[in-house]
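J.: We have chain A; now place chains B, C and D onto it with these hints.
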Amino acid sequence: MIEIRWHGRGGQGAKTAALLLADAAFETGLYVQGFPEYGPERMGAPITAYNRLDDAPIRVHSNIYEPDMVVVVDETLIGAVDVRGGLKPAGRIVVNSSRAAARVSEEFAGFEGEIYAVDAADISIRCLGKNLPNTPLLSVVARLSGIIGEQEFFKVMEGAFLEKFAAKPEVVEGNMNALREAWNGAVLVNGDRDE
Amino acid sequence: MAYNAYSLKEIANRPERLSPGHRMCAGCGSTVAVRAVMRALRPEDKAVVTVATSCLEVSTMTYPYTSWEDSYIHTAFENAAATASGVVAAYNAKKKKGKLGENYKFITFGGDGGTYDIGFQSLSGAMERGTDMVYVCYDNEAYMNTGIQRSSSTPLYADTTTSAIGSVSDGKPQYKKDLTAIMAAHRIPYVAQTTFIGNFKDLHHKAETAIYTEGPAFLNVMAPCPRGWRYAEADLMDICKAAVETCVWPLFEVVDGEWTLNYEPKNKLPVTEYLKLQGRFKHLFAPGNEALVGRIQDDIDRRWEELKVRAGAV
Amino acid sequence: MSKKNRMSGNEAVANAIRQIDPDVIAAFPITPSTEIPQYISKFKADGLISTEFVTVESEHSAMSACIGASASGVRAMTATSSAGMALMYELLYVAASDRLPIVMAAVNRTLSGPININTEHSDSMGARDSGWIQIYSENAQEAYDNMLMAHRIAEHPDVMLPVMICQDGFITSHAIENILLEDDEAAAAFAGGYDPPHHLLDPESSVAVGPYSVSPYVMEMKVAQANAMIRARKVILDVAADFEKTFGRGYGLFEEYRMEGAELALLIMSSAAGTAKVAVDRLREKGVKAGLVKLRVFRPFPAAELAAALKGVRALAVMDRSEGFSANGGPLGAEVRMALYGKADGIKTINIVFGLGGRDARVEDFEALYGELAGLAGKPAADIPYFKHMGQRE
Amino acid sequence: MSKEIKTNKMQGICEQSGWRELTEGGFVYGEGNSAFFNTGDWRTKAPAWRPENCKQCLLCYPVCPDSSIPVENSKRQDFDMFHCKGCGICAKVCPFGAIAMETAGKEGGRE
Numbered sequence: 800m801i802e803i804r805w806h807g808r809g810g811q812g813a814k815t816a817a818l819l820l821a822d823a824a825f826e827t828g829l830y831v832q833g834f835p836e837y838g839p840e841r842m843g844a845p846i847t848a849y850n851r852l853d854d855a856p857i858r859v860h861s862n863i864y865e866p867d868m869v870v871v872v873d874e875t876l877i878g879a880v881d882v883r884g885g886l887k888p889a890g891r892i893v894v895n896s897s898r899a900a901a902r903v904s905e906e907f908a909g910f911e912g913e914i915y916a917v918d919a920a921d922i923s924i925r926c927l928g929k930n931l932p933n934t935p936l937l938s939v940v941a942r943l944s945g946i947i948g949e950q951e952f953f954k955v956m957e958g959a960f961l962e963k964f965a966a967k968p969e970v971v972e973g974n975m976n977a978l979r980e981a982w983n984g985a986v987l988v989n990g991d992r993d994e
Numbered sequence: 333m334a335y336n337a338y339s340l341k342e343i344a345n346r347p348e349r350l351s352p353g354h355r356m357c358a359g360c361g362s363t364v365a366v367r368a369v370m371r372a373l374r375p376e377d378k379a380v381v382t383v384a385t386s387c388l389e390v391s392t393m394t395y396p397y398t399s400w401e402d403s404y405i406h407t408a409f410e411n412a413a414a415t416a417s418g419v420v421a422a423y424n425a426k427k428k429k430g431k432l433g434e435n436y437k438f439i440t441f442g443g444d445g446g447t448y449d450i451g452f453q454s455l456s457g458a459m460e461r462g463t464d465m466v467y468v469c470y471d472n473e474a475y476m477n478t479g480i481q482r483s484s485s486t487p488l489y490a491d492t493t494t495s496a497i498g499s500v501s502d503g504k505p506q507y508k509k510d511l512t513a514i515m516a517a518h519r520i521p522y523v524a525q526t527t528f529i530g531n532f533k534d535l536h537h538k539a540e541t542a543i544y545t546e547g548p549a550f551l552n553v554m555a556p557c558p559r560g561w562r563y564a565e566a567d568l569m570d571i572c573k574a575a576v577e578t579c580v581w582p583l584f585e586v587v588d589g590e591w592t593l594n595y596e597p598k599n600k601l602p603v604t605e606y607l608k609l610q611g612r613f614k615h616l617f618a619p620g621n622e623a624l625v626g627r628i629q630d631d632i633d634r635r636w637e638e639l640k641v642r643a644g645a646v
Numbered sequence: 158m159s160k161k162n163r164m165s166g167n168e169a170v171a172n173a174i175r176q177i178d179p180d181v182i183a184a185f186p187i188t189p190s191t192e193i194p195q196y197i198s199k200f201k202a203d204g205l206i207s208t209e210f211v212t213v214e215s216e217h218s219a220m221s222a223c224i225g226a227s228a229s230g231v232r233a234m235t236a237t238s239s240a241g242m243a244l245m246y247e248l249l250y251v252a253a254s255d256r257l258p259i260v261m262a263a264v265n266r267t268l269s270g271p272i273n274i275n276t277e278h279s280d281s282m283g284a285r286d287s288g289w290i291q292i293y294s295e296n297a298q299e300a301y302d303n304m305l306m307a308h309r310i311a312e313h314p315d316v317m318l319p320v321m322i323c324q325d326g327f328i329t330s331h332a333i334e335n336i337l338l339e340d341d342e343a344a345a346a347f348a349g350g351y352d353p354p355h356h357l358l359d360p361e362s363s364v365a366v367g368p369y370s371v372s373p374y375v376m377e378m379k380v381a382q383a384n385a386m387i388r389a390r391k392v393i394l395d396v397a398a399d400f401e402k403t404f405g406r407g408y409g410l411f412e413e414y415r416m417e418g419a420e421l422a423l424l425i426m427s428s429a430a431g432t433a434k435v436a437v438d439r440l441r442e443k444g445v446k447a448g449l450v451k452l453r454v455f456r457p458f459p460a461a462e463l464a465a466a467l468k469g470v471r472a473l474a475v476m477d478r479s480e481g482f483s484a485n486g487g488p489l490g491a492e493v494r495m496a497l498y499g500k501a502d503g504i505k506t507i508n509i510v511f512g513l514g515g516r517d518a519r520v521e522d523f524e525a526l527y528g529e530l531a532g533l534a535g536k537p538a539a540d541i542p543y544f545k546h547m548g549q550r551e
Numbered sequence: 135m136s137k138e139i140k141t142n143k144m145q146g147i148c149e150q151s152g153w154r155e156l157t158e159g160g161f162v163y164g165e166g167n168s169a170f171f172n173t174g175d176w177r178t179k180a181p182a183w184r185p186e187n188c189k190q191c192l193l194c195y196p197v198c199p200d201s202s203i204p205v206e207n208s209k210r211q212d213f214d215m216f217h218c219k220g221c222g223i224c225a226k227v228c229p230f231g232a233i234a235m236e237t238a239g240k241e242g243g244r245e
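If you're matching them up, the sequences are chains A, B, C and D in order.
So the first sequence is residues 800 to 994, counted in the working numbering.
So the second sequence is residues 333 to 646, counted in the working numbering.
So the third sequence is residues 158 to 551, counted in the working numbering.
So the fourth sequence is residues 135 to 245, counted in the working numbering.
Derived by calculation from the structure, the hints in this document are not laboratory data.
We put the beta carbon where it would ideally sit given N, CA and C, even for glycine.
Among chain D residues calculated to face chain B with C-beta under 8 Å, some are:
1. S168
2. F171
3. Y195
4. P196
5. P199
6. D200
7. S201
8. D214
9. H217
10. C221
11. A225
12. V227
The shape of chain A in the complex, shown without the other chains (with noise of 0.2 Å):
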């Protein structure tokens, strides 16, 4: 079982991109878990998002405690939540960050698992005109937890938006730029190693 935290905040689309993941997930035949952390949702209010992805069904219906992977919508969420808490020794941390490198790996210093940072907002802000960076960041997220191909997950997501988008489908070209642009895009930031 795969098990992926989000921390993003009220407005930024964590919750969206959970519950996309576990659509690109159920379309490869795994079984899923997308679900916001529940309270009443704010814009600017932090927010956790979370899903469990498995090949066998899954029962259990708690909040996720030691996840494989911490999703980071919001740098500046960095300090103000415990964004790294119980995350796995060898679990990934995804950043979306403009930063440099070093100075990304710094805010996790000991953490011994990879951490990834992407720029989502500037991917989204090229590819679609305003800062969401949820798009970018679920395809990085969709990457590295390896539960799908790049093509499949660009047909599946299609698919998604086609659908999330019927009102607005001039939309769905940004999104699915955004989509591709961003599958490449995440930089390890802590070392060389392979992904």
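T.: Then chains B, C and D, alone, in the frame of chain A:
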């Protein structure tokens, strides 16, 4: 709105839709109101009647009896309009699916407690939703079913069991709520206020218009209660006449937002002509209480002038 | 044919409702059940259902409208949670005593106060004596399946009682999970239609509903209602058997999970049962004789069946996701002890009140609880408290 | 009055009925069977109709709270004394002195 041709002699041939054998008090005004409203239904039309918890409810469906010729439902005190909404929705569903050929009308009765007070939210909701129904408030100005407690419909200085008079109390210290105007503010197609006068032409016209107007309609019918108002049972019609002639209870209707006064007394009587008929106001006639009567008169006069302005009668 | 899908519990229930296509739905928004009327509104906007959707101004009016509609001989449904259900309480009793087979999608949420939007069973437990059949769901699949069965149970001539299908707020209602959805035609065919012999809109004969009853009738009316609830037990099982034959998924009054030879057992409801099952698996791997009973049907309460299922157990924890404030635990604890008393004596039993206001319960919490049960099994009954809370800070 | 030909679909249900004999949900089937319930014995005063004074104006008919003044072919008939509670509203509205209220006796009806 012009009255339709009305002949009591013809209307009286319609089948009675409220059967006798109900357990209302002798002389009760509410069943007089019910009979008059139900008489306005064309004999070929069917109805489902909803009644809020009230004297009318406990007395007209006492297991294993019903006094209603038509289908009837009671669920609780504060929700008659919502209950009727469900019946109307079911009717629409059946009609849409071609499962029902007959035409039904939906008529709801509530007392003033179940309408002005506890049932007000549900009434407001059903009217706002445009439910095709008629809500009839039979207004006897207190909670009679539980033993004459004050409601927001109880008039100023009335003596009730929860607005008791005493050495430091003159009765209910608040004015009566103007529910008919509030219902008009819902901008529903038809709102009217009436009571029992003469050959019942006014009430019949208003009930018929309410029932056969598409969309929500509201009727406020003053229905005196001999026990709560403390008058001799036989005096029902005198009380109603005095209420109209003193302008305590004006007869008017609001059709698509347009107010019409249906009756203007040639010689508006002083309010004492109404008050003196009822034991609930007896204390106002004790020496030294002239100012209290004056306040009532001032209030009635102000409301009457406002109504005339609204109805374009000045 | 069943089709694999993934959706939240609310979406699953909304899809069951779409497939059933009830005549009338009256509902009012309240977290976390709000999504259900939102889906209904969209289904209606897209022409996918023929339902008359009454957007009432309160839950009290929602249940009132359901009663009016159901008494008119059509299928009526609503969805609610928490304070919304509490506002309906008065009418829940009326619906049941009028013997109207209304179906409610209940999404369990803490009853105020303090106000909280997360799951707890205090809302539906507060309605436990209202005369409604109560069926609880562990996950979206069960919520969907139970909803497809609900009308068949409620409208059965031996029953004629309202049914609430409960699922846990957020944990089930808002989490995306895998689910098997049935074909629209097959689901609709299973749910069937409803055509009661007496109702308000019968042009052949008037009907009066909701009588004032003097004392000489009330006792008899309530005995008749109580007997309908007794008969519901068999109907629930019959409908479940037909459901299994049709769709392949089986249900009972409760589910026994790894109860073969179990010495330590939990009795638990809804989503937390899934988490506890993982604990049972881990313990069984270690050789601990752990088992679990997940109660599905709380009303009617399967007392005799539970006593039989738990007979061989040495120690039992009854898990209440609501406080009864009885100073002795929660309602499930009280009822299970009633079931066992004199029928399956000698089980060392403790009532655990947990998960209030959405307080998370982890696999590790349940593992630890089984550890405690092992200790209780060897203790004299007099030394075991009636109940305790689990998961709170001291 | 026409109530005599009404059928009581609830016949047989009474305060001695067992729980299996009551209607499901307390429904009452049929139309207006309260007509079978006697409220005439509530009276302490009884109206008496004097047809010789009656002009058939029918003003008495709508004011009766107990539907106890039957009308046939636009003409009022004698009182339904099985149901009349003796309130006297009818007598008070009669402009022609065609209804008298009698203090003693419960017979009433036609004088």
